[in-house]
Every structure is written in structure tokens, then in C-alpha cells.
Amino acid sequence: MNVLNVSDLSIDFPTARGVVHALADLSFSVARGRRLGIIGESGSGKTTTALAVMRMLASPGFVSGGSIRLGDLDILTLPEDRMRRARLRRVSYIPQGAMNSLNPVMRVEDQLKDAIVAHEGRTDREALRTRLADAFAGVGLPAHAGSLYPHELSGGMKQRVCIALGVILNPELIIADEPTSALDVVTQRQVMQTLKDVQKRIGAALILIGHDMGLMAQSVDELVVLKDGVLVEHGDMRRVIENPSHPYTRELVASVPLVGGESFLGNSVAAPEITRSREDLALLEFENVNKAYGGITALHPMSFSLSGEEPRVISIVGQSGSGKSTMGSIMLGFNAPSTGRVLFEGQDIARMSQHQSREFRKNVQAVFQDPYACFNPFYRVDHALGFPFRRFGYATSDAQVQESMHLACQSVGLDPALILRRYPHELSGGQRQRLIVARALMLNPKLLVADEPVSMVDASLRATILKNIYDLKDSHGISIFYITHDLATAYHVSDYVMVLYKGQVVEVGPPKEVIGDPRHPYTQLLIASIPWPDPDREWGGTTTAAEDIAALDAMDHDAPTVFRGDVPGFRLDVGE
Amino acid sequence: MTGVPGSRAGELKGWQMRRLESPWMNPKLFWGAGLLLAIVALGIIGRLFWNLDLAFTGAAPLKLPPVGFENLRGQEGAWVHPIGTDGSGRDMLALIVIGAPNSLFVGLLASLIGMSLGIFLGFSAGFIGGRTDDIIRVLSDVMITIPPLLILVVVQSAWGDVSLTMMALLIAGFVWQSPTRLIRAQVLSMKQSGYVQMARLSGASTMHIMFREMLPNLVPYLFGSFIANVTTSIVTAVGLEVLGLGPQRIPTLGRTIYEAINAGALIQNLWWWWGIPTLLLGLMFIGLLLINLGLDEVSNPRLRKLQ
Numbered sequence: 097m098n099v100l101n102v103s104d105l106s107i108d109f110p111t112a113r114g115v116v117h118a119l120a121d122l123s124f125s126v127a128r129g130r131r132l133g134i135i136g137e138s139g140s141g142k143t144t145t146a147l148a149v150m151r152m153l154a155s156p157g158f159v160s161g162g163s164i165r166l167g168d169l170d171i172l173t174l175p176e177d178r179m180r181r182a183r184l185r186r187v188s189y190i191p192q193g194a195m196n197s198l199n200p201v202m203r204v205e206d207q208l209k210d211a212i213v214a215h216e217g218r219t220d221r222e223a224l225r226t227r228l229a230d231a232f233a234g235v236g237l238p239a240h241a242g243s244l245y246p247h248e249l250s251g252g253m254k255q256r257v258c259i260a261l262g263v264i265l266n267p268e269l270i271i272a273d274e275p276t277s278a279l280d281v282v283t284q285r286q287v288m289q290t291l292k293d294v295q296k297r298i299g300a301a302l303i304l305i306g307h308d309m310g311l312m313a314q315s316v317d318e319l320v321v322l323k324d325g326v327l328v329e330h331g332d333m334r335r336v337i338e339n340p341s342h343p344y345t346r347e348l349v350a351s352v353p354l355v356g357g358e359s360f361l362g363n364s365v366a367a368p369e370i371t372r373s374r375e376d377l378a379l380l381e382f383e384n385v386n387k388a389y390g391g392i393t394a395l396h397p398m399s400f401s402l403s404g405e406e407p408r409v410i411s412i413v414g415q416s417g418s419g420k421s422t423m424g425s426i427m428l429g430f431n432a433p434s435t436g437r438v439l440f441e442g443q444d445i446a447r448m449s450q451h452q453s454r455e456f457r458k459n460v461q462a463v464f465q466d467p468y469a470c471f472n473p474f475y476r477v478d479h480a481l482g483f484p485f486r487r488f489g490y491a492t493s494d495a496q497v498q499e500s501m502h503l504a505c506q507s508v509g510l511d512p513a514l515i516l517r518r519y520p521h522e523l524s525g526g527q528r529q530r531l532i533v534a535r536a537l538m539l540n541p542k543l544l545v546a547d548e549p550v551s552m553v554d555a556s557l558r559a560t561i562l563k564n565i566y567d568l569k570d571s572h573g574i575s576i577f578y579i580t581h582d583l584a585t586a587y588h589v590s591d592y593v594m595v596l597y598k599g600q601v602v603e604v605g606p607p608k609e610v611i612g613d614p615r616h617p618y619t620q621l622l623i624a625s626i627p628w629p630d631p632d633r634e635w636g637g638t639t640t641a642a643e644d645i646a647a648l649d650a651m652d653h654d655a656p657t658v659f660r661g662d663v664p665g666f667r668l669d670v671g672e
Numbered sequence: 006m007t008g009v010p011g012s013r014a015g016e017l018k019g020w021q022m023r024r025l026e027s028p029w030m031n032p033k034l035f036w037g038a039g040l041l042l043a044i045v046a047l048g049i050i051g052r053l054f055w056n057l058d059l060a061f062t063g064a065a066p067l068k069l070p071p072v073g074f075e076n077l078r079g080q081e082g083a084w085v086h087p088i089g090t091d092g093s094g095r096d097m098l099a100l101i102v103i104g105a106p107n108s109l110f111v112g113l114l115a116s117l118i119g120m121s122l123g124i125f126l127g128f129s130a131g132f133i134g135g136r137t138d139d140i141i142r143v144l145s146d147v148m149i150t151i152p153p154l155l156i157l158v159v160v161q162s163a164w165g166d167v168s169l170t171m172m173a174l175l176i177a178g179f180v181w182q183s184p185t186r187l188i189r190a191q192v193l194s195m196k197q198s199g200y201v202q203m204a205r206l207s208g209a210s211t212m213h214i215m216f217r218e219m220l221p222n223l224v225p226y227l228f229g230s231f232i233a234n235v236t237t238s239i240v241t242a243v244g245l246e247v248l249g250l251g252p253q254r255i256p257t258l259g260r261t262i263y264e265a266i267n268a269g270a271l272i273q274n275l276w277w278w279w280g281i282p283t284l285l286l287g288l289m290f291i292g293l294l295l296i297n298l299g300l301d302e303v304s305n306p307r308l309r310k311l312q
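Chains as they are written, first to last, in my numbering: chain A, 97 to 672; chain B, 6 to 312.
By construction, these hints were calculated from the structure, which means they are not laboratory data.
In this text, all values refer to a predicted model and were calculated from it rather than measured experimentally.
A few of these clues could be false.
Unchecked claim - Only part of the chain B face toward chain A is listed, based on derived beta-carbon distances under 7 Å: (1) 187; (2) 190; (3) 197; (4) 207; (5) 222; (6) 225; (7) 301.
Said to hold, decoys possible - Quick list of simulated restraints, FRET-style, between CB atoms: (8) A/196 <-> B/213: 33 to 39 Å; (9) A/649 <-> B/211: 56 to 62 Å; (10) A/226 <-> B/140: 29 to 35 Å.
Here a beta-carbon is modelled for each residue, glycine too, at the ideal position from N, C-alpha and C.
Bound-form chain B, shown alone (with noise of 0.2 Å):
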């Protein structure tokens, strides 16, 4: 842009020029990508080679420090429990094993039932029409005003305990609404476009143009939609944990903070019991993110960057 005469192309060697060929190498959605499969790894792994019965109240001494650390008590972390243990003696490392993937898979479980249901409304929305499209759209547009948290508070206290599969359930129910209204707007466009033109012409049947014609061409933005949904499923979904709202006999991240913050750990300075699942929370989410913007550059080239 200004008119300084160096050579900007020749510094940019050839290998930088190839790994751009591919947008899928993404450095983004690398790293992204990266952090959500340590903590898939971090469940597998564990669950071979750590014993998961230390994650139920049990014989360990309580409030104990991870390794290097000491508690107020004056006890010392032990290799036992490396991470520490929290007030009623469960091992941290066995609840965040179980907690983290369970957290994880209620996400991806909600989001992949509420693109299901997107990707069915939309479609039928923007391709059929007149009074379906006129019902899709109020229900959708309804929907997205309405707070899920609100709505699941009430729904889950009258329920009592639920299941990892129950509440997924639940939080699918709100959030179908932004991929049906993403994928309605993009079939309507794509339904002028030349190429489906093209397709009715060469004798294509409805579904033929539906799911060869446009949905390969949807796929990145039903991918941006799929990680948006999961980060706003696995927030919903700690959200109830938090408040204690969850599956009450199975460890997740939520409900150990939960546990965490009703046994006063913040003022006990025991700040390994909320510490780390925040910390995993976090990185999840920074995962999730990552993602989503290297979804963002792949299916949007002009966000590509040079360098």
C-alpha cells in the first residue's frame, strides 16, 4: 500500500506460499483442534491407567494439596493424589478424568441434536416456503428471545436428577433456532444462484439439489455453527452444574465446582478443587474458539492472512 519499493514477495519463502495451499492447514484450527483432543486423551488415558473408584467419597485424607503444594493444615501433596483431593476425600485427577469428557460430550450431544433439527428446519423453511417457512420462522425467531438458562432452572428443579443424555436432551431443545435461521437465509440465496439453476435444468430431483448441490457447499458454515453450539451447550450445561442443577450422581466439571464453591473453598484457600476445572473449562472453551476462527478463515478467504 505505501510505496516503499523492497521486495515484500521475495521474503515470503516458499514454504509459507505452500502451506497456505490447503486452507485446512490452519494453524487455528490446529491448535484448536489440538487442546479438545488432550482432553479426550486426558479421558482415555486416565481411565486406563488411573484407578476411577477414588472419585467417590473415600478413605484418602480430605482437603489435600497437589504435589509441591501445602494446605493450611500443614499436610503436604502426595503422589497418591497428585492433584489433590477435595472435602469429602475424592481424588481430583479421577473427578476431572470422568468430569471433563462427560462435560465435553454433553456439548457435543445438544449441538449435534440441535444442528440435526436446524439443518431439517432450515431446508424445509427456505425450500418449501410460503406458511412452512412463515411457522419455522416466528417459532425460531420466539425461540432465540427466550433465555434457555431461565427456562432449564425451572424444567430441571421440578425434574429432580437427570442424566448426561437427559440434559443434552434438554439443551438441544434451545439450540436449534440459529442454525435453522443461518441455514434458511443461505438456501434461500443459494436458491437463485446459477448452479442450482443449472441443476433444475439438468433434470435434478428436490433432494439431489438439497444435499448434493447445496449442502456440500453449506458445510462450512454448518461446521462454525456446529462449534458455536457446542461452546453455548457446554456453557448452559455447567451453567445448571453450577447451580447444582445437573446429573447429581455423576461427576462433571460444573457440579465439582459447585461442590466447591457450597463447601467454601474459596475461603479455605483450597483453590485446587475450583481451580482446575475452571482451568479445563477454560482451555475447552479456548479450544472451541480456535476452532471456530480457523473455521471462519477456511470458509471465508478473505480472512486469510499472508503470513
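With the rest of the complex left out, here is chain A (with noise of 0.2 Å):
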């Protein structure tokens, strides 16, 4: 028996350069108690789908042809009235950012208890309460919970909230829109699994969507690949990934990095090792650098001294909240340390000259992790490049900064004739997040920051982009600090990862011992949890992603660094 019924359903966009067909033909359907998958890049369609489901299309977009039927419903002819009582009720909607769907101004169970009151009238108070009770614990929250307002609540919290209230009038249909996309591993596995226990309890079907194959194979029984609004393949997830048909859905198998598996990085050409010419002095050291907001400490003391003599690429790791974004605006500078100095080439950055001042501009560069703001949306996109190109003294004419321009497009893979003379908005994140690695190449600085720089980028780009800046550290002898909270890319690019947790460094070493054979059980946690695009690999081992949270609550903070290793040119420091 399908719960939910799709058939060649397309969805029209007018837009002022034309008709946009978010979606042609589109036809699946789900059967109770089943999860289906339905992955994608930005701008494929999924998102769009599930809206038409709810019937909450934004305008300008319309159904231009097909059907949707739930159960006896044919959702697209359903009165207004009668939508409106069968979300919720039938068919539910989990949203992606959790932060920006409760009401701030609302504590959690009156939100719920909404949603009882309107479908189904003034209840028993008393039964009301057990409900709302029940509803907590099904998801795992304890019963307080339900008294407070949304900011006192973490993101994964919230984002339980919101399955709580997506499941609280038993629908036959729950789509969850990548609810856990803004959520770092550790909670992205609880998640999940709460998720799906309560999806199983209840017995409806489920609607997961996504860009994450490794969470696909964790989670779903059906898979669709959606590309362009175009269906490319569907069918059993095992199936589809495991022998994809369509070349699209191999690349987005491909494109997951692993841990240990094959670098994605290919076979790069053993180019001789360019080294920078001699100097005393260290390209950039902390020395005893903490920083604190308040009475909450971001990042302990630590002191790490980067010799720069040979060009490497330091991962630091972690979640969000551990501290490592921080460290690395304090290494750039827009954030001054609370206590201790950072030094470049032996010079306090914070009592610099003007001369010394723009020395270090020039030498330390960053990519940041969303390209969207990056660029300036007045100017064309050549005044990222060309700005600071001048501002250091590097042009001697305009034609050369043309073709200093049309160069560093393409050694990133960017056809200049089609990307400079553009405005931002006409480019693709993965376009402008390149321009940025061009950017950095043009100004050939003595070290980067890239601060997630592939976090906001679709997942066929981000080996590509991360190739990129690779070849900035091969070619171009750039040092770089490599932020991240992905592991599995942190094990290929780097040559020493530090592991970031409360702002502590817990773990630190070459890759292959770190993240390859982890010792410290916050490594350890890291790592079991991220979801494998394997199906037969178990997600998070034996423990229930409950228990590792308690347990990691539960850690020693104090607990002293581990060492796993040196590599020539870094030497690292912690605590007083």
C-alpha cells in the first residue's frame, strides 16, 4: 500500500530570464513504513518536491502538470481548508534549518500543543500533558525540555523539537529536509537515529533528503537521484550505490573522500618540492595564545611555531563550538588574542607598522567558507582579484593584471572568458569559491587560511576545489591551515591535524595515525561517526549515539594532549 503516489510531475519557475523547469517529470512513490532518498545538489529540484507534496510552493512556482496522491488525497486539486488540516496530520514537514523554525518567542511544548489544538480541537488537559510528555521522550529529551524557549536549546536539541512536532499527530508521511545539515557528526548520527526510531514506532513512510551519500546508505531503504529536476536513477539504495548505472550517481559515490580509501587528490606528480628560501625567523608562531569571551574559553593556551621553510598543510579539526574558527581569525588577525602573541616572520601582528602591516596582508591569505559573501555584489568579479593585486604593488600595468587574471582562472579550472566581467550573482558558489583559490594564487602569499572552504560547496566540487588548493602548497610552495570539521578530507590534504575539542587541542599528529588509528575517545567518536556510502558498515559501531554524548559529557577535560607524532617545520606547545 503506497502512502504517497507521484507521477510526472513538473514544476514551472517564471523568472525574468525565462521559464525555469525546477522539476520534469517526476514520478516515485512510498509505501508505508518505507524510507526513501532523494539526493541531490543545490538546485536539483528535492527541496521543490517536497514543498509540492506540502503544497507550500513559493510563488512564483507552480505545478505545471502531473499528480500527487496521498493515500485517497489528490493533494494538487484538495481545497485549501482541507490541505491545511492534512499537513501535519498526514503529512509532515521537517525542516532544514531547525534554529530558524520554532517560534523564538514561544516555549517548545506550547508549540506543540499548537499543533494538537489545531487539528484536533480543545483536548483534556490532562491527557494534553501526557501527550506532550510522551512526545519528549520519544525523541529522546527529557521531560524539562519542554518548558524552555528555542535559544536555550543546542541545535541538535531544537532539531529534535521539530521531529517531535513533525511526529506528534502520527502522520503517514514525514519529509525531512536535510535535518541534519547544519549539525556537526556527533549530533548528526543522534539525530538520525531518533529520526528513525520514532519513524519506525509510528510506521509511516519517510521522505529523506539530502546530499550526503554516506548518510543515504545510512538511512534510507529507496534511493532517488535527482539532477537538474531530472530523475537520473532510482532504486534500492544498496543497489544504487553499490553498482550505480547513471554516471552522474557513480560521481556522487565517488565524491565521497574516505577515510583510508583512495585519495581523492590522484595521483599527484611528485613536482619537485619548491622551499621557500631560508629564514631565521618562523613564518608564524602563537605563543601562548588563548582567547576568551567573556568567562567562557574558546581556545587554551597553546603555542605552535610554523617554520614555513618547506611548505605543509596543518588540519585543524573539530565541531562547531571547538574552538577552531577562532584560531583562525586570531592568525589573521581580525580577532586579538586575550592573552599571548602571535607572531609572523618574529613580528607582533597586533604592533605592526603600516609597512610591516601590509608585509602581512600580502603574505597571509584566506578562503573562507561562504563564497555567497565573498564578493562584493556591486562590483564585477574582477575586483576581488584585480583589488588586491594592486593594493600590493603587484601590477605594473592593466593588461597584466588581465592576464594575471586569466591565469589564475585557469589553473583552477575556470574559463576566464566565461567567468571574469561577471557579477557575483551570476556565478555558482563553486565557481565564486574557486575565483577565491584564484584570488589567493594571484597574490602567491606565504600562507592560507582556509576555513572551511568546501562546506558550502556541492559535493561533485569539493575535490576539485580542495585539488586546487592543494596544488597551491605543491606548486606554489603556499603553507596552509586547513579548518575543517570534515575528517576524511583533513586525512588526505594534510600533513599534521590537530584535534579541536572545547577549545583543548585533544590529539595531534600526521593523518594516518590521528585520524587513520585514532587514540583519544574524542577521535574516536569523531570518526565512528561520520556515515559511510557503505551500506554494510555500521554507523557508529556498537553504542548508541545517546551513549557516546553521555560519555563524551562525561570525559576528563583535563585530560593531557596526545602526541602522535612530529613532522619537520611545525612544533606545537600546550597549556602554560
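With the hints as a guide, bring both chains together as one complex.
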């Protein structure tokens, strides 16, 4: 018995540049108790599909053909008031950003209560209370969580409240739209387990929308692969992942970097390693740097020095809130340390003359997480490349600036003719991020701080961009601090890995040791929580996610850092 | 949204699509600017073709109606005074030709000064922060709570006669707060944005970041705020004039209304005396409102419609 039948669904968006076919002739169905995954990159139409099923398509999008049947209901012709009653009771939607989908001025239990009252009318207060308690217990939240406001809950807890809200009326179909994309791996595993448990208990069908092949492999029975609004592959999850028939699916599966797997960097030619001229002073040094915001320590005291003689890639990994981005902004001089000093070639970056400060800026560049924010929407993209080039005195003539821009674009695999002279909004996220890498390449700094450079880029492009960044080290001799939450990519690109947890360095060493064979319980947990695109591989081992998180909280925070070996050119000391 | 499988997209013709390409080709903006330009044109063309001396107490018959109407005394309108004369024989057309641009001028000047102050203070508060920010913020918050008309009434009654420019300056002292707050808020959020960080990484100076990176992105907001301020300034100026507190010797729309009320034009059914200046003010406000709505759509693409 199918809960949902979608047949030949087409959705069009009329825009100023003509009609965009967001979805073309999509057909699929989901049976009771089954889990269907819809995977695709941004713009593939996966969220549009979900919204069409809820009949919540944003204007000006409209359904131009096909049908959606939910059990006995024909969604597309249902009168609005009946559709309203069907939402949540028969089909519920768990949105992507739980942070933004709860009302910030209401206690969460009142938001659940609203849902029940809206659909069932006023009910007995006592019965309501037990139902709410059950709902919270059902998603593994403590009973008192209901009386809290959304800002008092963590991201994972908020997402679980959204799940509780989604299942409180026992719908036949749950649509979860990237429910974990804003969460770190440990919490992701817990939320997904909660969602699967609840779904099994109420026997509903689940549609999971996502872009992560690993998460799909661990969560769904059946998989739909979308590309540009067209279904490219549909079938049993195991079959699709192990034996993909469409080249795009193969590309998606292959784009997931694996710890210990084959390097996605390809067989990098053993280029003659470029070494910078020997200097007595270390390129970048932290001297007992720590950072506290009010009473909260974001970064515990640490010292390191990077000699920069030979280029190195140092990865800094950790969950959100581990202090890794704080470390990056301290390196860039955007954020002053609370105590301690940051030295660039022996000079304290807080006390630099104008000339020294220009040298520092010239030699320490960055790639940020959000490629959409990095370009001033007012200027053509040339501005972002040409301005620093001129500013730092590399430019001799306009023609030479143009030529350098062309060269830089070509070396990150972009066609200059299609990219330059455009406005940022005309380019995709991946193109923009590659342009930022091209910018760094043009300036040829000694050090590059790459703060989550690929976390907002589509999976199929991640490897390419990381390869571009990695090339900076090989062919230009640039040392790189790679800040990331993704251990698998850190495993492949780095020479040295630092694992941060709550502002403390818990484990350091070469990636083969730290990530390949972790010793510290936190590192072990991080690695166990990565969802593998392999249906046979158990996600997270024998313990449940909740147990792991409890163990983590109970962990001794003053445990010493585990040192796993050194790499020449980088030295780290922790503590006072 | 609903499941009507008709092709709405097909009905959107090519030219409709094209019209949308530049957000500045906005019909509201077009009509609003048209109305204001018409008022300015009235001032210019009037000056060229009409005898402005008629705006002073003259030899013309009193209370003459516009052409095609009759006043209570049974006099008919004449083409020498196409829209009539007021209670002391001044030609209405000449009054309006001088008065309408004057009112607009006060509004524009006051708003321009207010905006400049606002841009300067807003950028200082947002960028420098700390004590400077505290002082500017508290000052503008306090000023926002004070009704400008109240203070201006007191000031102007003490002052006596003022010139147009003086009045604009006084009003400007009350229209800088909201642009200050707006710009401060925008600067604060923009300071954290990726492209400002990129500019800092590029070794850009503070001046470059403020005026080359941030200001261009503020332009739609600034325009919107400017137009809103022009409206406020005109309302304030007209308010003062209608109370008889504006410039005493220069004809303005507000002053004409004041005199009409004073002379009992309402009960004498001299509707053209107060009605025509009111109509012009109304058109001016509608024009400003349309421009403001249009600018809103330009700066906020989500408001743009497809049809």
C-alpha cells in the first residue's frame, strides 16, 4: 500500500530570464514504513518536490503537470482548508534549519500544543500533558525541555523538537529536508537515529532529502537521484550505491572522501618540492595564545610555530564550537588573543607599522567558508581579484593585471572568458569559491588560512576545489592551515592534524596516525560518527549515539593531549 | 501553487520578461518621478511664461474663481487669472508657480542635510564603535522621541520671520536620526560580511572599506531613506506654514493655505484658494510615496512582481 504516489510531476518557475523547469516528469512512490532518500545537489529540485507535496511551493513556482496522491487525497486539487487539515496530520515536514523554524518567543511545548489543538480542537489538559511528555520522551529529550525556549536548546535538541512536532499527530508520511545539514557528525548521528526510531514506531513512510551519499547509505531503503530537476536514477539503496548505472550517480558516490580510501587528489605528480628561501624566523608563531569571551574560554593556551621553510598543510579539525574558527581569525589578525602573542616572521601582528602590516596582509591570505558572501555584490568579480593585486604592488599595467587574472582562472580550472567581467550573483557557489582560490594564487602568499573552504559547496565540486587548494602547496610552496569539520578530507590533504575539542587540543600528529588510528576517545567518536557510503558498514559501532554523547560529556576535560608524532617544520606546545 | 496545469508561463510575453530585467525600470518609480518632475516643470515653465508680479497684492479683482466657475458674487472666472485670485487679489497661478517649488525645495534641502549628517554619524557609530557609538546612539534615540513640530513651533515663534533656507536647516536638525540608525545597523552587519573581510585581507584602508565597499551597497537604502525624509520635511514645513510660522514674505503652499483659512475661505466657498495648494501637496506626496515604493522594490527583489 503506497502512502504517496507522485506521477509525472513537473514544476515551473517563471523568472525574468525565462521559465525554469525546476522539476520535469518526476514519478516515484513510497510505501508504508519505507524510507526513501532524494539526493541531489543544490538546484536539483529536491526541496521543491517536498514543498509541492506539502503544497507549499513558493510563488512564482507552480505545478505545470502531473499528480500527487497522498493515500486517497489528490493533493493538487484539494481545497485549501482540507489541505490545511491534512498538513501535519497526514504529511509532516521537518525543515532544514531547525534554528529558524521554531518560534523564538514561545516555549517549545506550547508550539507542540498549538499543533494538537489546531487539528483536534481543545482536548483534556491532563491528556495533553501526557501526550507532550510522551512526545519529548519519544525523541530522547528530558521532560523539562518542553518548558524551555528555543534559544535555550542546542542545535541538535532543536532539531529533535522539530521531529517531535513532525510526528506528534502520527502522520502517514514524514518529509525531512536535510534535517542534519547544520549539525556536526556526532549530533547528526543522534538526530538521525531518533528520526529512524520514531518513524519505525509510528510506522510512517519517510522521505529524507539530502546531498550526502554517506548519510543516505546509513538511513534509507530506496534512493532517488535528481539532477537539474530530472530523475537520473531510482532504485534500491544498496543497488544504487554499489552498482550505480548513471554516470552522475557514480560521480556522487565517488565524490565522498573516505578515511583510508584512495586519495581523491589523484596521483599528484611528485613535483619538485618548492622550498622557500631559508629564513631564521618562523613564518607564523603562536606564543601562549588563548582566547576567552567573557567567562567562556574559546581557546585554551597553546603555542606553535610553523617554520614555512617547506610548505605544510596543517589541518585543524573539530566540531562547531571547538574553537577552530577562532584560531583562524586570530591567525588572520581579525581577532586579538586575550593573552599571548601572534608573531609573523618574528613581528607581533598587533604591533605592526603600516609597512609591516601590509607585508603581513600580502603574505597571509584566506579562503572563507561562504563563497556567496565573499564577493561585493556591487562590483564585477574582477574587483576581488584585481584590487588586492594592485594594492600589494604586483601590478605594472592593466594588461598585466588582466593577464594574471586569466592565468589564475585557468589554473583553478575556470574559463576566464566565461567568468571574468561577470557579477558575483551570476556565478555558482563552486565557481566563486574557485575564484577565491584563484585570488590567493595571484597574490602568492606564504600562508593561506582555509576556513571550511568546501562546506558550502556541492559535493561533486569539493574534491576539485580541495585539489586546487592543495596545488597551492605543491606548485607554489604555500603553507596552508586547513580548518574543517570533515575528517576524511583532512586525512587526505594534510601533513599534520590537530583535533580541537572545546578549545583544547586533544590529539595531534600526522593524519595516518590521528585519523587512521585514533587514540583519544573524542577523536575515536568523531571518526565513528562519520556516515560511510557503504550499507554494510555499521554507523557508529555498537554504542548508540546518545550513550556516546553522554560519555563525551563525562570525559575528563583535563586529559593531556595525545601526541602522535611530529612533522618537520611545525612544533606545538599546549598549556602554560 | 494550485494544480492548474495551464501554462501561465506561456502567457508571459517576451516584452514583459524584458521589462523586468533592469529593476530601475519600475513603473512606480517612473510615475512618482514623473509627478515630481511635473511640479518642478510647473515652476520653471511658469517663470518663463507667466507674470510673477501677480503674486503680490495687486490690482486684480478679489476672490475671482477659476475659468468656468462663478463665485458667490456672481463673477465669472477670466483667462487673465485662469485659476482665480485670492482674498487680496493675488493671482493663484503665480502663487503656485512660486510656492510649489519652494515647498519642494525646503523638503529636499532639509533632507539632504539630514542625510549627510546621518551618513556621517551612522558610519562613525557603526565603524568606530565603543564610546562614539554609545553617544551617537543615545542622542539619536532621544531625538526620535521628540516631536519636531513642537520644538519648531517654539523656535520659530521666538525667531519671527525666517528664510526658506533657515527653515530647511531647522528641519534638518530633526530628520537625521532615522538615517543614522539605519546606516549604523547596516554598517554593523556589513562589517562582519565576507567581502569586507576580504577587503581587509586585501589591505584596504578604512576609507576604502567605508566608501568603496560598503556605501555602494547602501545606495538603495539611502535613496529610500532620503525620499522618506523629504516627505517628513515637507510635512513639517507645511505644518509650520499653515500655523503661520513659516517665511512671511515668500509665497509657499502652506502659507497660502494659512491665509485661506485665516480669511474664512472655507465658509465663503472659495475652494480654489485652499483646494489647489492642497491638491498640489497631495500630488507631491503621492509622487514621493510612489518613488519610495519603487525604490523598495529595487532594493528588495522579493517584492518585485512578475506581471
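Quick rundown of the hints versus the structure:
Interface hint status for residue 187 of chain B: violated, as the beta-carbon distance to the closest one in chain A is roughly 18 Å, over 7 Å. A least Cβ separation of about 18 Å between residue 190 of chain B and chain A goes past the 7 Å threshold, and the interface hint is therefore violated. Checking residue 197 of chain B against chain A by beta carbon gives a least distance of about 9 Å; that is not within 7 Å, so the hint is violated. Contact between residue 207 of chain B and chain A, as hinted, is supported at the beta carbon level, the nearest pair being about 3 Å apart and thus within 7 Å.
For residue 222 of chain B, the interface hint holds, since its Cβ comes within 7 Å of a Cβ in chain A; the closest pair sits about 5 Å apart. Annotation: residue 225 of chain B was flagged as interfacial toward chain A, and the flag is violated, the nearest CB pair being 11 Å apart, outside 7 Å. Nearest Cβ of chain A to the Cβ of residue 301 of chain B: about 18 Å, over the 7 Å cut. The hint is violated. The beta-carbon spacing between residue 196 of chain A and residue 213 of chain B, approximately 34 Å, falls within the hinted interval of 33 to 39 Å.
Under the hint 56 to 62 Å, the C-beta atoms of residue 649 of chain A and residue 211 of chain B, about 44 Å apart, miss the expected range. Checked against the hint of 29 to 35 Å, the pair residue 226 of chain A and residue 140 of chain B fails, with Cβ atoms roughly 56 Å apart.
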